[in-house]
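Chemist: Sequence:
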Amino acid sequence: MNSAMSMDEPSSLLSVATNHPIEQFILLAKGAKGSACAELIKQVLEAPGVHVFGELLEMPNIKELETGPYEKHFKSLHLFAYGTYKDYIENKSDYLELTESQCKKLQHLTIATLATQEKLIPYSVLLKELDIRNVRDLEDLIIEAIYADIIHGKLDQECKRLEVDVTLGRDARLEDAAGIADVLADWCNACEAVLSSILYIKKTLKTQAENDESAAGAGTESHSAPKKNSGKGKSSRNSSKFWQKNT
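Taken in order, the sequence shown gives residues 1 to 247; the numbers are from UniProt numbering.
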């Protein structure tokens with residue numbers, strides 16, 4: 001394979017948001033209780049294309065599972081909304097035993113989390129966070145995440161890192177609001193700085209153009225003046241000769 005692998009552009013990341021695949025589970029959850037809600041959670045964790053879970057977590061009948069016989073179901077849903085694969089590995093007893101496809105989904109979501117923190121992610125970090133033993137399996141997982149619309153980017157095999165262009169946003173908790181606000185404020189400030197620079201450059205170029213135009217106009221006048229004076233001098237000399245001859 002080449003040292004840098006760029007994936008063909010998959011469908012837009014926005015497709016996940018616009019299709020709202022979680023909505024069918026939210027509708028089903030409205031009329032479910034107890035074991036039915038628990039089974040619904042297992043289905044949503046398995047369902048392809050479902051990568052946000054916060055709205056489902058906020059439903060009263062889902063919240064009822066937080067304590068009691070279906071506590072692991074609730075914690076597992078919470079894990080997929082906000083957690084990472086490393087959280088699962090370190091606290092397996094707290095969660096449901098995940099199927100292979102559920103594990104992959106959680107690993108994909110973990111890549112998305114890492115991508116929000118760093119756009120150039122070393123393989124060494126990914127191997128550790130995803131609990132993967134070899135680079136080949138890691139690259140296969142990343143490629144799957146790209147085609148699943150979790151991230152857009154490429155593999156840099158020479159530098160042994162993932163280069164992320166854009167990533168799917170995960171669920172945000174209330175306590176994350178302050179951090180999100182800070183990021184947005186920094187972005188707004190950066191936009192204002194760029195806009196100010198553009199306006200300054202535009203003003204400078206306009207002033208320079210006006211100065212150049214003025215200088216060109218002044219040069220034209222200085223060149224035309226001697227010709228006019230020369231013409232007058234010649235006419236005067238001819239007139240003088242004319243009168244002398246007649247005399």
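Treat the hints as calculated values from the structure; they're not laboratory data.
Possibly wrong hints are sitting among the right ones.
[Stated by the list, open to error] Simulated restraints on C-beta separations: (1) 140 <-> 202: 46 to 54 Å; (2) 143 <-> 89: 36 to 44 Å; (3) 103 <-> 163: 21 to 29 Å; (4) 47 <-> 195: 53 to 61 Å.
[Unchecked claim] Below, in silico cross-link-like pairs of lysine-lysine (PhoX-like), each with a Cα-Cα straight-line distance of 25 Å or less: (5) 119 <-> 72; (6) 33 <-> 104; (7) 206 <-> 160; (8) 104 <-> 119; (9) 160 <-> 119; (10) 86 <-> 72; (11) 75 <-> 63; (12) 92 <-> 119; (13) 72 <-> 33; (14) 86 <-> 30.
Source: prediction; values computed, not measured.
Yeah, the Cβ is synthetic: ideal placement off N, Cα and C, and Gly gets one too.
Chemist: Take the hints in turn and mark each one as holding or not.
Modeler: Okay, the hints, checked on the actual structure:
no., hint, in the structure
1, 140 <-> 202: 46 to 54 Å, "49 Å, holds"
2, 143 <-> 89: 36 to 44 Å, "22 Å, violated"
3, 103 <-> 163: 21 to 29 Å, "25 Å, holds"
4, 47 <-> 195: 53 to 61 Å, "43 Å, violated"
5, 119 <-> 72, "33 Å, violated"
6, 33 <-> 104, "28 Å, violated"
7, 206 <-> 160, "48 Å, violated"
8, 104 <-> 119, "21 Å, holds"
9, 160 <-> 119, "13 Å, holds"
10, 86 <-> 72, "17 Å, holds"
11, 75 <-> 63, "10 Å, holds"
12, 92 <-> 119, "29 Å, violated"
13, 72 <-> 33, "16 Å, holds"
14, 86 <-> 30, "32 Å, violated"
The structure is inconsistent with the numbered hints 2, 4, 5, 6, 7, 12 and 14, although it conforms to all the rest.
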